[in-house]
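Just so you know, the protein sequences line up as chains A and B, in that order. Residues in the first sequence are numbered from 11 upward in steps of one, following the working numbering. Residues in the second sequence are numbered from 11 upward in steps of one, following the working numbering.
Worth flagging that the hints you see were computed from the coordinates, not collected in a lab. Since this is a predicted model, take the numbers as computed values, not measurements. Each hint can be trusted.
A pair counts as met if it fits within one copy or between any two copies, since identical chains are not told apart.
Using 25 angstroms as the maximum straight-line C-alpha spacing, the simulated SDA-like pairs for lysine to any residue come out as follows:
| no. | residue 1 | residue 2 |
| --- | --- | --- |
| 1 | K416 | I172 |
| 2 | K515 | N479 |
| 3 | K462 | L149 |
| 4 | K563 | A466 |
| 5 | K563 | S461 |
| 6 | K595 | N479 |
| 7 | K563 | N479 |
| 8 | K322 | Q521 |
| 9 | K563 | T474 |
| 10 | K322 | D510 |
| 11 | K331 | E545 |
| 12 | K563 | L470 |
| 13 | K322 | L576 |
| 14 | K34 | R23 |
| 15 | K295 | Q119 |
| 16 | K416 | S573 |
| 17 | K563 | T460 |
| 18 | K322 | F575 |
| 19 | K563 | G469 |
| 20 | K34 | D330 |
Listed below, chain by chain, are the residues.
There are 2 protein chains.
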Amino acid sequence: MPIDSSTRQWLARQLNRNKLMISKAISNHWLLNYQSKDGPADLMAAVIVTIMLIPQSLAYALLAGLPPQAGLYASILPLGAYALFGSSRFLAVGPVAVVSLMTAAAVSQIAIPGTAEYWGASLVLAAASGLILLLMAILRLGWIANYLSHPVISGFITASAILIAVSQLKHLLGIQAQGHNLIDLGTDIFQNLETTNTYTLLLGTASLGVLFWTRKGLKTFLMTLQSPALLTDLLTKAGPVLVVVTTTLAVLFADLETKGVQIVGHIPQGLPALTLPNLNLQLWKELLPAAILISLIGFVESISVAQTLAAKRRQRITPDKELLGLGSANLASAISGGFPVTGGFSRSVVNFDAGARTPLAGILTAAAIALAAILLTPWFYHLPKATLAATIIVAVVALIDLSALKRTWNYSRADFTAMAATILTVLLVGVEAGVITGVLLSILLFLRQTSKPHVAEVGLVPGTEHFRNVDRHRVETLETVINVRVDESLYFANTRFLEDLIYDKVLQQPQTKDVVLVCAAINHIDASALESLEELTRRLFDAGVQLHLSEVKGPVMDRLKQSAFLDNLTGKVFLSQFQAWQALKLKSENDRLPDNINSTAG
Amino acid sequence: MPIDSSTRQWLARQLNRNKLMISKAISNHWLLNYQSKDGPADLMAAVIVTIMLIPQSLAYALLAGLPPQAGLYASILPLGAYALFGSSRFLAVGPVAVVSLMTAAAVSQIAIPGTAEYWGASLVLAAASGLILLLMAILRLGWIANYLSHPVISGFITASAILIAVSQLKHLLGIQAQGHNLIDLGTDIFQNLETTNTYTLLLGTASLGVLFWTRKGLKTFLMTLQSPALLTDLLTKAGPVLVVVTTTLAVLFADLETKGVQIVGHIPQGLPALTLPNLNLQLWKELLPAAILISLIGFVESISVAQTLAAKRRQRITPDKELLGLGSANLASAISGGFPVTGGFSRSVVNFDAGARTPLAGILTAAAIALAAILLTPWFYHLPKATLAATIIVAVVALIDLSALKRTWNYSRADFTAMAATILTVLLVGVEAGVITGVLLSILLFLRQTSKPHVAEVGLVPGTEHFRNVDRHRVETLETVINVRVDESLYFANTRFLEDLIYDKVLQQPQTKDVVLVCAAINHIDASALESLEELTRRLFDAGVQLHLSEVKGPVMDRLKQSAFLDNLTGKVFLSQFQAWQALKLKSENDRLPDNINSTAG
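With the rest of the complex left out, here is chain A:
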């Protein structure tokens, strides 16, 4: 097909526009405008986040069913990629609990945890979700995330957190247990309860206790000692490091490994090798649905944290740029031995509170984790898995928000239904089924609600030109005219309801000659509603009644003129409801006159 000159000009304009946008984006990039006075603050934030991130990244790798180093690897390149391409100044990217759980649920359908195939599939999952996020960025599809309603997300996170906490019990008890829902997990744990290892249980519960105390009690304790705020903060954040160090030393010196305590074991020292993910098409196809869900959940989690933090500095988050940042972070994870990552809530808040000013904090964190991978890994050999499990449990318990159930119940039964269904499906079936159930149910419930719009018969407020609901106000009505106001746009799911309602009103008032549809609140009439209005016109005509419209909005009227509706309308279109009233009052008075007088008058 030859390209004509106007198309060529259009293409040139588009190209030019994109060039301009890209050059503007580059010249505005934080890295090229970095001010050295922000350096110390960014470095301080990076140190605090690193202290928090090292045990978390090891733990989340464990949760995802991967070797511990995968957690470190997922916290190096992805952080750099996000810092370069993302739009938030404070978001701390890396492995997070919910996405790690989703990774485990998806990949263990395909491979056995602990095998090379399993890790390979996790890389494919990260690559697929990276590409999906980039595609969403290019096609500007960030709005899709809006279809995850708040109650569904909140229910999903609460249920996932419960599932994660229960899944970690096996490490606290030192037993074997598999499963991706409460039923399977519970059965397995119960059956293997007798194989509990006492040393593991002691280490685990002690870690759990100390971690909870540093979260809740330590801060109050230090404040009574009047310790400086920064020190208090640092000590509270260092709680997990303290536990990691103490329990590792305990295993080492009490030789608990030989007594059956599961430890992290050998972690290869050094940086990850860069590799391309497996390009087996079948594998990609199998992981695609999970990758879509992980992308969406990850994006929603990130963007809400990022927006909250940006607002505190009167800054803006660009959802499409956020997609770009998260997409490249996941691709970076896929080529450097990681697994799917996203922006973590608590981690980002810590980064913000610690005073991070620019994304350089993220790059410095990545460098610090890289150093840890090179230097510290031998020290993790004796780290008990029970400690990591305790770290996870403490982190996810903070995500459980059962009070939201009650709040939602009080506010809206429909939202509560969607939320409860999401929670129950996640717990009893699994994470993927849970998200899908929640989304579909919330959409259906929304449609159900708009499918019965508020409809009021209105009459004239005496002495004015205003019309009000006849059931609530003292208003004038005409015997042969029904004035109906609909408070919703008309579309396929509510149009039959309206058609039946008006038709019923007419059948109940056999003296009716005219029906006026007051369209002041109708922003849109879709093709189904248009046909339904045509059908209503015909049905009313068969019953000897004319249909009129009043107060049709400009855009709606423009659309109606594109159709044959106005040609077939038996009545008129009135600019205002008061004009309709006057005209139909005159008509009904004329109709009541005897024929001969009528003919002279008309």
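Dock chain B against the given chain A, drawing on the hints supplied.
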């Protein structure tokens, strides 16, 4: 759990209410109030419908992949069941083209056409769809059918009709061809084209020609002869019978069977034996999705015909009773050797035009078909399948409405997209995929549209208490106040859009101190939108801006009071936008005064 007395009373009341409703329904039943003067009209209608139904029922059985007698059986008991339980006085139930196609598509996934298993599975499909319809009646789920938008239904019927017409080409050509979409069918027909049987082709095209002519030309021709209206009507309707008789005699006397013309062959004489359908759970499970789609499509087709006809007599259709009627018709079909049935469009119009007054016409039609099954079946032995195929093609070609595509394109791009996607998916993939694609797409497009609601910044029309869009009218505004009117209910899919839009407006006007959200057009705020408003309040507060509401509707306000939103609102809730204007104008004037004057004034 013991039942307390209030529950017992409630149960007793419910039971009593149901008893009353049932006894009222029985005493109002048409059969107990039958007036003998309606008898002749009902009988006449029954005769005309029977003449039309006999070739159609044989043909649709063929289309469904079943032996011809299944079509007769599906036109006996089901008609009686519908007459007793349905709500339409004119609907003629039986095998119809689209549902027969869907039956073939579903059952041939499970069994080979022509086998006993195939017929058995069709019975299960009828039973399952009967039970689904009854369940929908009991749970009052008739509204679910509203989620099939008109463009999707219209596109589905057009595409199915094309598919059916193409699928019958094999019978016109006397060749073999399989497939449930255009690609498979087309390939098969093209590959077997050389095996075309000339005699079959001649019979088929001749039948087709005569049938089209009786539809279009005959009526005009008879009217020029000034034949009486009733005779004209009868002759036009008898066209198919004429073709059936002529081609059967041609096969018989020219011995075309030995020349390769496919004929109907032996049909067992007599009424169907009553049997219970196969109760194999696996089979039911496999057919369930198809049964759901068949129930919905059948219900939608029936109810729209029934409503159109009822309106012509100023009568009402009760959707739930309609479900009951169609459900029992399908169960009756399932126990008497039939296949899924529903209300047919052309057949019902014929019934109505022929003067049917009550459902007795349906019972008489059933009796006439039963007589045909007992007496006439030997006469169908030499009936060529090509004639039946021609009957089907003529019937479905009338369903193809490509002009709807153009109409819909002109009126609404979103509706056109859903329609075109439905047509293409039906043609290229199959009927089930087509319905599902259409429904999901139309819901997504609707959500997409409401996800960007119309939002206007408004100002005061000078000298009035009215507020209008600042972009369209000359209005007063206050420098430190933004008044925003949203023309849509707030829910999960549009709430983030609104949050961002308002926040952006505030960032663009840094002198802003107050934002007023004018809620006059907001009928509902769901839990997601509530959280979003809370978040917006916080974000604006962090930016030094107060959020106010005005003109909140009663029900919305009641809901807000159930939540903590009003406690955390930084601004006020004003009854009218004019009150908000006055209060904020005063506030901005006070703010502008020097501090010492302000303190004396305040």
